[in-house]
Amino acid sequence: MQVACHEISLAYRVRGKRLEALSDVSFRVAEHEFVCVLGPSGCGKTTLLKILAGLLQPQRGRVDFVGRPGNNPLTAMVFQDHGLFPWMTVLQNVTFGLEMRGVGRDEREGRAFPLLERAGLARFTRNYPHELSIGMKQRAGLLRAFVTDPEVLLMDEPFASLDAQTKLVLQDELLRMLGDVPRPVVYVTHDIDEAILLGDRIIVLTARPGRVQGEFRVTFPRPRTLAVMHTPAFADLKGLIWRQLEEAVRSVARQ
Amino acid sequence: MNATDRLAKAGLADTPDEAAAETPFAEGERRGRESWLGLLLPVSLLLLWEVTARAGWLTQLFFPAPSVVVQTLIRLMASGELPRHLGISLQRIGQGFLLGAIPGLVLGLTMGWIRPVRLLLDPLISAFFTVPRLALFPLLMMIFGVGEASKIVIIAIGVFFPTLINSVAGVRAIHEVHFEVARSYGARPWSIFTRVVLPGSLPLIFAGLRLSLGLALLLVIGIEFISARTGLGAFLWFAWETFKTEHVYVGMLVAASLGAGIAAVLRLAEHWLLPWSEGLFHR
Numbered sequence: 000m001q002v003a004c005h006e007i008s009l010a011y012r013v014r015g016k017r018l019e020a021l022s023d024v025s026f027r028v029a030e031h032e033f034v035c036v037l038g039p040s041g042c043g044k045t046t047l048l049k050i051l052a053g054l055l056q057p058q059r060g061r062v063d064f065v066g067r068p069g070n071n072p073l074t075a076m077v078f079q080d081h082g083l084f085p086w087m088t089v090l091q092n093v094t095f096g097l098e099m100r101g102v103g104r105d106e107r108e109g110r111a112f113p114l115l116e117r118a119g120l121a122r123f124t125r126n127y128p129h130e131l132s133i134g135m136k137q138r139a140g141l142l143r144a145f146v147t148d149p150e151v152l153l154m155d156e157p158f159a160s161l162d163a164q165t166k167l168v169l170q171d172e173l174l175r176m177l178g179d180v181p182r183p184v185v186y187v188t189h190d191i192d193e194a195i196l197l198g199d200r201i202i203v204l205t206a207r208p209g210r211v212q213g214e215f216r217v218t219f220p221r222p223r224t225l226a227v228m229h230t231p232a233f234a235d236l237k238g239l240i241w242r243q244l245e246e247a248v249r250s251v252a253r254q
Numbered sequence: 000m001n002a003t004d005r006l007a008k009a010g011l012a013d014t015p016d017e018a019a020a021e022t023p024f025a026e027g028e029r030r031g032r033e034s035w036l037g038l039l040l041p042v043s044l045l046l047l048w049e050v051t052a053r054a055g056w057l058t059q060l061f062f063p064a065p066s067v068v069v070q071t072l073i074r075l076m077a078s079g080e081l082p083r084h085l086g087i088s089l090q091r092i093g094q095g096f097l098l099g100a101i102p103g104l105v106l107g108l109t110m111g112w113i114r115p116v117r118l119l120l121d122p123l124i125s126a127f128f129t130v131p132r133l134a135l136f137p138l139l140m141m142i143f144g145v146g147e148a149s150k151i152v153i154i155a156i157g158v159f160f161p162t163l164i165n166s167v168a169g170v171r172a173i174h175e176v177h178f179e180v181a182r183s184y185g186a187r188p189w190s191i192f193t194r195v196v197l198p199g200s201l202p203l204i205f206a207g208l209r210l211s212l213g214l215a216l217l218l219v220i221g222i223e224f225i226s227a228r229t230g231l232g233a234f235l236w237f238a239w240e241t242f243k244t245e246h247v248y249v250g251m252l253v254a255a256s257l258g259a260g261i262a263a264v265l266r267l268a269e270h271w272l273l274p275w276s277e278g279l280f281h282r
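Chains V and U are the protein sequences, given in the same order.
One point on numbering: in numbering that gives the first Met the number 0, the residue at position 1 of the first sequence is 0, and numbering is uninterrupted.
One point on numbering: in numbering that gives the first Met the number 0, the residue at position 183 of the second sequence is 182, and numbering is uninterrupted.
It should be emphasised that the hints constitute simulated quantities derived from the structure, not laboratory data.
Careful, some of the hints might be misleading.
[Unchecked claim] Cβ-to-Cβ under 8 Å is the rule here; a few derived chain V residues that face chain U:
#: 1; residue: 78
#: 2; residue: 95
#: 3; residue: 96
#: 4; residue: 99
#: 5; residue: 129
Glycine included, each C-beta is placed from N, C-alpha and C at the ideal position.
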């Protein structure tokens, strides 16, 4: 299955004024492709992801899930700041998506436990989110999406609030969890390093309203490790992307 | 060995918040030793009162010795007079509470969750909320008579508003992301209600229930002063009319204990039902 966005536009109404968030955004995500959407703060990245998740309807344009009858695939979204329910235990949070899809308790737990084990959370299944570190919370947020085995995985800057070391650890874990990317992934970030490390292709958006400004292909082979970050090719690509993104970032900083 | 293990070995993997660690042992021990300080002043004052009352320095008519009050309490409990009054007040509180809290909760959750319902009802609720509850009592007695119904209805009205307002606030305090998570995983409205709206609003609902029960106690005593022959309020009023000061003290003691007891039961229920809510508060 492929994801195809056709000329998506969306505007919000803020205190009576029209605020354009996205303007004519078009791109495709192939069957086994990890696409990073990169852009400065407020360029509509999260809005785009919410449209793909079906949480928002675009005012113009459409999203096609090519090869999916009914155009209604199983998506799973990983939220910024984990979005765990404070009133549910780790296990209840992780299995929430399965529960909503009508999967029975035994099967839910049978699918969740191996993942919890691998993520080092097996000892914390009965704990509540406030009893976990921020890194553990974000891991649980990732597992909640992965355990549903979605057809499309959507990730909204899941590591943005982590400290630098924890972020590297989780990026490394994510690379291993994804392996050779068995499904289309759309990953939103404002971090160039993260986009190059994780993505197969990077779509750069302009400052608000977000438009597609450019695309970069990342050719590091998979499975990848953090070691690619220390290669000259990585630094070269980072320089290229920064040159394209710089003006948008500076214009946001001036506002 | 995976990356987490490798990093854990290198001391880099994250662990549950260090910040949430227990109070250091010595500090905890010191706090334990200091806990009796809170009892020092009340116990000293009671002793002082007992001694001065027995010595005749205090007018027995207004300030009977605490030991006399306790003896009267024991006598009234043993005779069954006090339990009868207490039971009737509790029954009124219980009935009024259920009659007010259930609609308050249902309407509050609906108003908090469904914006048009909130916009429709908010002005009416705000207008009614400002009317002092006891000011409604004469009208309620006209409508429902001087029997039990008017008493239960006034308590129900008193309980209704704090429960409703806190339920609305409880739902509105739930972060939007939790609704988005539920919807993104395909939750239907009923699941959103049972898995997000209701549990997410419970901490503020409990705060509302605590307020409501305090108000119910206040109202039951107030209305029993005016229009009852039984109940804790009536017992207190009769004690003042017959100038039985010890009975007045016993009535106050029982009313205060009842308030403290209700609050303790609710705290216990909250602790048991909402173990996660500790994470919401920082002190």
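Quick rundown of the hints versus the structure:
1. The beta carbon of residue 78(V) comes within 6 Å of a beta carbon in chain U, closer than 8 Å, and the hint placing it at the interface holds.
2. At its closest, the beta carbon of residue 95(V) sits 6 Å from a beta carbon of chain U; the interface hint therefore holds under the 8 Å criterion.
3. Given the 8 Å rule on beta carbons, the hint for residue 96(V) holds: about 4 Å separates it from the nearest Cβ of chain U.
4. Satisfaction of the interface hint for residue 99(V) is found here, the shortest Cβ-Cβ separation to chain U being roughly 4 Å, below the 8 Å cut-off.
5. Hint status for residue 129(V) relative to chain U: holds, with the closest Cβ pair at about 2 Å, below 8 Å.
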